[in-house]
Structure formats: C-alpha cells, structure tokens
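Novice: Chains as they are written, first to last, in the numbering used here: chain A, 40 to 276; chain B, 370 to 658.
Check the hints yourself; a few may be wrong.
Cross-link-like lysine to aspartate or glutamate pairs, in silico, DMTMM-like; alpha carbons within 20 Å at most [claimed, not checked]: (1) K148(A) to E138(A); (2) K480(B) to E591(B); (3) K148(A) to D130(A); (4) K528(B) to E135(A); (5) K218(A) to E68(A); (6) K460(B) to D547(B); (7) K210(A) to E250(A); (8) K218(A) to D155(A); (9) K173(A) to D130(A); (10) K173(A) to D500(B); (11) K528(B) to E68(A); (12) K173(A) to D547(B); (13) K208(A) to D223(A); (14) K528(B) to D232(A); (15) K208(A) to E179(A).
Treat the hints as calculated values from the structure; they're not laboratory data.
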Amino acid sequence: MMLRVTGVEGGYGSVTVLRGVDLELAPGENLGIFGPNGHGKTTLLRMISGLLRPTAGTIAFEGEEITSWPPSRIVAAGLVQAQQGNTLFGDMGVAETLELAAFTPRARKDASAQLDRVYAQFPRLAERRNQRAKTLSGGERQMLSIGAALMCVPRLLILDEPTLGLSPKLKEELSQAFKAISADVPLILIEQDVELLLSVTNRLCLLEQGEIVRQIDRANAPDHAEIMAMYFGEAAL
Amino acid sequence: MIETLITTALAGVVLAALYALMASGLSLIWTTLGVFNFSHGALMMFGAHIAWTVTVAWGLGLVPGLVAGVAGAAALGIIIEYLLVRPFYGKPNMLLITVMTTLAAMIILEKSAQIIWGARLKQLPRLIEGDVTILGATISAHEALIVLLAPIVLIALAKFTERSRIGRSLRAVGQNQDAAALIGINVPWTFALAFALGAGLAGLTGVLLGSIRFITPGLGAEPLVAAMIVVIFGGLGSLGQTAAAALVIGLGEAFLVLVVGLYWTPFVLFLALVAILVLRPNGLFARAQ
Numbered sequence: 040m041m042l043r044v045t046g047v048e049g050g051y052g053s054v055t056v057l058r059g060v061d062l063e064l065a066p067g068e069n070l071g072i073f074g075p076n077g078h079g080k081t082t083l084l085r086m087i088s089g090l091l092r093p094t095a096g097t098i099a100f101e102g103e104e105i106t107s108w109p110p111s112r113i114v115a116a117g118l119v120q121a122q123q124g125n126t127l128f129g130d131m132g133v134a135e136t137l138e139l140a141a142f143t144p145r146a147r148k149d150a151s152a153q154l155d156r157v158y159a160q161f162p163r164l165a166e167r168r169n170q171r172a173k174t175l176s177g178g179e180r181q182m183l184s185i186g187a188a189l190m191c192v193p194r195l196l197i198l199d200e201p202t203l204g205l206s207p208k209l210k211e212e213l214s215q216a217f218k219a220i221s222a223d224v225p226l227i228l229i230e231q232d233v234e235l236l237l238s239v240t241n242r243l244c245l246l247e248q249g250e251i252v253r254q255i256d257r258a259n260a261p262d263h264a265e266i267m268a269m270y271f272g273e274a275a276l
Numbered sequence: 370m371i372e373t374l375i376t377t378a379l380a381g382v383v384l385a386a387l388y389a390l391m392a393s394g395l396s397l398i399w400t401t402l403g404v405f406n407f408s409h410g411a412l413m414m415f416g417a418h419i420a421w422t423v424t425v426a427w428g429l430g431l432v433p434g435l436v437a438g439v440a441g442a443a444a445l446g447i448i449i450e451y452l453l454v455r456p457f458y459g460k461p462n463m464l465l466i467t468v469m470t471t472l473a474a475m476i477i478l479e480k481s482a483q484i485i486w487g488a489r490l491k492q493l494p495r496l497i498e499g500d501v502t503i504l505g506a507t508i509s510a511h512e513a514l515i516v517l518l519a520p521i522v523l524i525a526l527a528k529f530t531e532r533s534r535i536g537r538s539l540r541a542v543g544q545n546q547d548a549a550a551l552i553g554i555n556v557p558w559t560f561a562l563a564f565a566l567g568a569g570l571a572g573l574t575g576v577l578l579g580s581i582r583f584i585t586p587g588l589g590a591e592p593l594v595a596a597m598i599v600v601i602f603g604g605l606g607s608l609g610q611t612a613a614a615a616l617v618i619g620l621g622e623a624f625l626v627l628v629v630g631l632y633w634t635p636f637v638l639f640l641a642l643v644a645i646l647v648l649r650p651n652g653l654f655a656r657a658q
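If we strip away everything but chain B, and leave its shape as in the complex, we get:
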C-alpha cells in the first residue's frame, strides 16, 4: 500500500516536472505577447520528432538530437510568430484572431508531422540508462533526471527574466509595449525572442517525453491541455506559481489515475479547473487583490 502511494507520488512528480516545463513556455509567451499559443503542444511534438530523426534515423546520439529538437522547435516558433501572430498585433480582437491562427498552426504542424514521419510509433533512447530507487519505489534514471532538470531550467529562466537586460526587456514589453519601445527596446524582436524561448521549452519537453512515451503526431495534444490547466491553476505570470501549480496537477493526476482510473481523470481535473475559475479567478496561488 505504502509502496503504491510512493510509486504514484513519484509518477506525479515526473508529470509535474514535464508540465512545469511545458507551462512555463506557454506562460512566457502569454505574459510577453498576450497570445495564448495553441500550437505549443504541436511544437513539443515537432521537437520530439526532430530529435528522433537526428538521434535514431541519422544515428548521431541523443545529445545532438536534444539540441536539434530544442533549436528546431525554437525556429518553428519564430516562423509561427512571424507568419501567424505578427500580422495581427494591435488589431482590436487580436486575442481571438491568434487563438484561431495558433490553432491553425497546431493542425498544420500535426499534419506535416504525419506526412514527414508517418504515424508509426517511435521512441527516443533514454538520456541515462538504469533505475533509481527512492523510498522503496523505483523510477527510471531518465525520469529522475527530468525531475532534477526541470527546476534547474525554471530557476535559470526566472533568473534570466529578473536579472538580465534581455530578460527584463521581455517583462517590460509584456507590461507596456509603447513605453518599452520608447526606451529603445526593439519590440518586434522581443516578441520573436519570447516565441523562440517558449517554443524551445516546448521542444525540450518533447525530447524528454519522447523517451518515456511513444512519439506520434498527436503527442502534444494531452500535454498541451495539462499545461493549460497548470497555467490557469497557477495564474499566468510568476514562474514560482507555475511550478507549484504543476506539482498540484501532476500529483493530482497521478493519484486520480489510481483512484478513479485513467478514463475519468481528465474529467475530474477539468471539474477542479472550473471550480478554481469560479472561486479564485486569478489562479489558485494568486494573492487577493
């Protein structure tokens, strides 16, 4: 019994780490541009596929695959921003338009992946082999590495946006575009950077997930929904809140699978989401205004 609980908790923490990486990219794009990027899951899936091509099809190993997956997703993010988001800045209903254009991007990316790579199941090798036993429960070393890597990436991202000049310019553009332009920040360039970073984080999640799950053109759909729930739970904005929300959702999902089963888990999660939106519209951890 205890062992089941520990195993479930560990599975939840692994999920939380992946969701936090996913959600932080989504949140970065939202806070900088005010665009909710529905192609985020598809970018993750593309990152995994690119990594698979480099690692497995070309046989170059996982590290070059990881780099290619992240860089490829980031490049696609820049292209999506340029073609499907940039033309609509400043339009009165930009938020709705970009919901549709990023949804279009998602469909285009998924269909392209199907054409390029086919529907055959693929998998990436693990970053490290072997297992780790924690409190009597066993997870793969690869999963343990994900749990270690996610907080490092998130803290690095937080430090970048708080301390560095370029990171601060991302926040400045998110808070007041005109004022940012008037101190000499190149706003369109900053938008592209936010999309590249967000998409790169999605690509990283994809490569990490590609060693645990099978890579298919539909790989991104479920993590996108999970990341959306995390972002809404945590309230858009602070990375600390995003991480905490990811932990709640990851653990919640793992234990819900144990209690109500795989089938009903998304249902209960969405029910909780509706409850949060009604009771704490600024997010679970948002301070009262």
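The following block holds chain A by itself, in its conformation from the complex:
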C-alpha cells in the first residue's frame, strides 16, 4: 500500500473532528476525497502531514508507520502536500520559493531539472519568477503552491482544494495540470467539484461527520444526481 490510514481519530483540543477514518491507496491509484465543509477533510490532511497528531489510529506510508514523525521527515520520505488557499511565503519571490522548496536532500539532488519541469507545467510561474508571492493572483498562488510541492519531488502528492475560488477557465487549466502530474506521481485530491474528481482520480471517498461514509469507483460511478443525493441528502432530489 502506498498510504494506509487506520482508525484515525482526533481534532483540535477538546473538539473531535475525525471519528475513525480508514483509507487506503494502492500503487497506481489516484484518490479523490470530497464532502461538506467542516467535516474533517483538512484535519485528516494535517494528520497525514504530521502537523497535527491523531489521538488514536495509525498512518503508514509505503509500509512504514509515520504517525509520530515530524512534518519535515514525512516530506523527506516523499509524502508531500499543498495546503488549501496557501500563500506560502508572501515576501519571497516565485523562483526563490521554488528553489527553497527543494529543501530535503532527496529533492536537492534533482532541483534544477525539477524546476524546469515545474516551469514547463506552469509557464505563468516562469513569467512571474521575480514577483513576490503576495502580489500573485489567486490562480498563480495556487500554481506556486503546487509547484513548490512538486519541487519536494513527491512520491505521493496531496492537494487540498486546489481550485477553491477559481474561475471555470482556471479550473480547467489546473485539472489538465493534475492529469499531467498524475501520470508521474500518484495523487490524492481534495475537491468539492465531483466532476473534476471523476475526471482525474479513479476512486472517490465521501468524508462526512469525520468518517469515510461511502466509496465510489470510477468504473461503476453512479450518475451525477445520485452523487449529489449522497452529498446533500435525499432531500436535494
């Protein structure tokens, strides 16, 4: 298994957000996670990246248990994520940020080739290479965020709502990028847009009330109305 999350529980202080999440990602798979806001998607990612400790359960990456590892060690092992709505380092330039993002020894070896790949994937970043991150548009920030994650040379890449608040045109551009990236790197994509998830990933998980309540294979995906019903409850039909 690429990633195995077993019975993960926890939250912030006395507030429990996750009530036993089980999740598996086999090699060669791309996974989509969707669900209402405030039901634990980002919390789960914070636990996978080591920013937050679960109170119960285990997380294993490529067979090794990483539950108690610090974030820097998890990144060094190749489990990388781009946070939701992240402006990274506001006062740093685009090129400077990308160069810095190749921080771990493994990423550093290959940094200049990887930088070329990121610029090829997102030509807009190359145009803005000397611009400060905080002066970028929302879409460009998202590209920088994904580009920085790619500079870490991920073996598994997790993206948290990368198209949040973007225009349909930019969304389409990014979804093409996700497809291109997923050819090299397995992806876990958190999204509200189920259509986008179905076009990029081959399995979808619905995270609700801190649990994975439903899994959908793309091969026998229910139609749109059914997914909406799952999402919003039967009343939406």
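Given chain A, put chain B in place with the hints provided.
Specialist: Chain B alone, transformed into the frame defined by chain A:
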C-alpha cells in the same frame, strides 16, 4: 566648536554600530519566531563575561575570548529557546508568555553573572591599540574597528538570509510555519538556529563593548533598551532599515548628551519613540501600506 561636533558625531557612529549589531540579533529572533527576546541584553553581558574569563582570567588572549564569548552566548540562546520559549509555541498568548519567560531569563542570567563573576568592574583589552584621527577628532582604533566591523557583519547576515538555503529557511519559517514544515524544513531546529544566531550577535556586541565600558552584571540593560528603540524605529524586519535606525539613534543619543546632558537623553529618546509610534506605527522608514 567644529571639533566638538565631529567628536560627537564619531561617538554617535560608534554607538550606532553597536546598536545595529544588538538590534539585528533582536530583529532576527523576532522575525523568525515572533518572540521579543528580553534576555538579549543579558546574553550580551554574558558574552562579555565569558570573553573576560578566557582573555584575562585564563590569559589566552582576546581572539579566543571573542570566539568563546560569541559561542557561549549562542549556546545560552539555544538553552533559553529550548527551556523557556519552545514549550509555549502555538499557545494563543505566546507573545505575552514569552515576554515573561525571556524577562525571567534576563534576571536569571544577571543574578548568575553576579554569583559567578561578582560585581567587581572588569574590562577587556582592546582588539587593536592606538588611536585614529578623523577630521581632527580622535577615537580609539578599537572603536574605529567596531565601526568597520558592524556593516560587514550586517551585510554578511543580510546575504545569508537572502541567498543561502538555510538563511532562506529562516525567512520562510518567519513568514509561514506550516508551509515551511510542508516543504521539509525542520521548524524547531530553525527556531533554535535563529536564537543561536541572535544570541551570538548579542555576544559579539558584548565582547566589543567590554573593551570600551566596564563589564558588570548590569552591562546589558542600557544597550537592550537602545536596541529596542532602534528596532521599533526601524520597523522590524529589514536589516537595512535596522542599520539606518541605529544610525539615527546613535547620532541622536550622542548629540542629545551634548545638548540636554546624559540625564535627560533617555527621556528625549523615549519621547521621540512615542512620537514615531503615533505617527509612523510601522517604523520610521517603513513604506506606507
């Protein structure tokens, strides 16, 4: 008259150089951790005492003393970060808690110095002997060296934070801790490094000052206040602004001593500080937002 002005200006530049070194360490810790380190002056004083022990008490010479003073202060900085700052990261009122814990560190360091070294006045030898005459006014060669050394150290520090991988990681952690962790930067290690560098700069200031003033357990108090004023004047963040503010404060202090006397100088400086805080809250040289 002219000679008095030149002498005063030179004294001001020497002060400015020392304040800039002090303030840059304070500012580095603030921008990386968001902690205002009140033990900065006491770390400076400890650096001077350690240098005195190595140089005078053990008779090993000033250069080993300088190295020991800087390294000793840096090591103490790491200990303070580990024991008194690290346990409070992420707490909602971390800023206030660390004001108190670093104040505690200051008191502990001052009392320890009193116990270890006593209150007897001590002084370090000068790095170089002799005097330098500039435009008819004379300062010691040691003071001239301080004026030369400070910009070199500051430029090296600026280059380090702008160009090097580790220096950039300090800035990254200061701007966004989570994002820094998610590209593989070891955030706690970076915090310790920032404290070590800041404390090392304080130690360096202490050793340089220890040849000009008498070394006592209270040596750090006044430079800490001056560095605080410089940092607030300059706006926290850019080293260039810190250096410019240090120059304003150093020269201002020197000329104020001449005009209103030693007694009223701190009063006028603080008055100016209040005025700056009211009129330009982001610092004297901060660009308007």
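Novice: Determine for every hint whether it applies to the structure shown.
Specialist: Do the hints match the structure? See the list:
Pair hint K148(A) plus E138(A) holds up; C-alpha atoms about 12 Å apart against a cutoff of 20 Å. For the hint pairing K480(B) with E591(B), the CA-to-CA distance comes to about 17 Å; that is within 20 Å, so the pair holds. Distance restraint check for K148(A) and D130(A): the Cα-Cα separation of roughly 26 Å exceeds the 20 Å cut-off, and the hinted pair is therefore not satisfied. In summary, the hint linking K528(B) to E135(A) is supported, as the alpha carbons are separated by about 14 Å, within the 20 Å threshold.
A threshold of 20 Å between alpha carbons decides the hint, and for K218(A) with E68(A) the separation of about 12 Å falls inside it, so the pair holds. With a CA separation close to 15 Å, the supplied pair K460(B) and D547(B) stays within the 20 Å bound. A hinted pair counts as satisfied when its Cα atoms are at most 20 Å apart, and K210(A) with E250(A) does not qualify at roughly 28 Å. A threshold of 20 Å between alpha carbons decides the hint, and for K218(A) with D155(A) the separation of about 18 Å falls inside it, so the pair holds.
Proposed proximity of K173(A) and D130(A) is supported: the alpha carbons are some 7 Å apart, at most 20 Å. Between K173(A) and D500(B) the CA atoms are separated by roughly 50 Å; this puts the pair beyond 20 Å, and the hint is violated. With a C-alpha separation of about 44 Å, the suggested pair K528(B) and E68(A) falls outside the 20 Å cut-off, and the hint is violated. For the given pair, K173(A) sits about 17 Å from D547(B) by alpha-carbon distance, which is consistent with the 20 Å threshold.
Taking the CA atoms of K208(A) and D223(A), the gap is near 24 Å; set against the 20 Å cutoff, the hint is violated. Proximity of K528(B) to D232(A) is assessed by CA-CA distance (about 45 Å); at most 20 Å being required, the pair is judged violated. With a C-alpha separation of about 13 Å, the suggested pair K208(A) and E179(A) falls inside the 20 Å cut-off, and the hint holds.
Taken one by one, the earlier hints fail for this structure at numbers 3, 7, 10, 11, 13 and 14, listed in ascending order.
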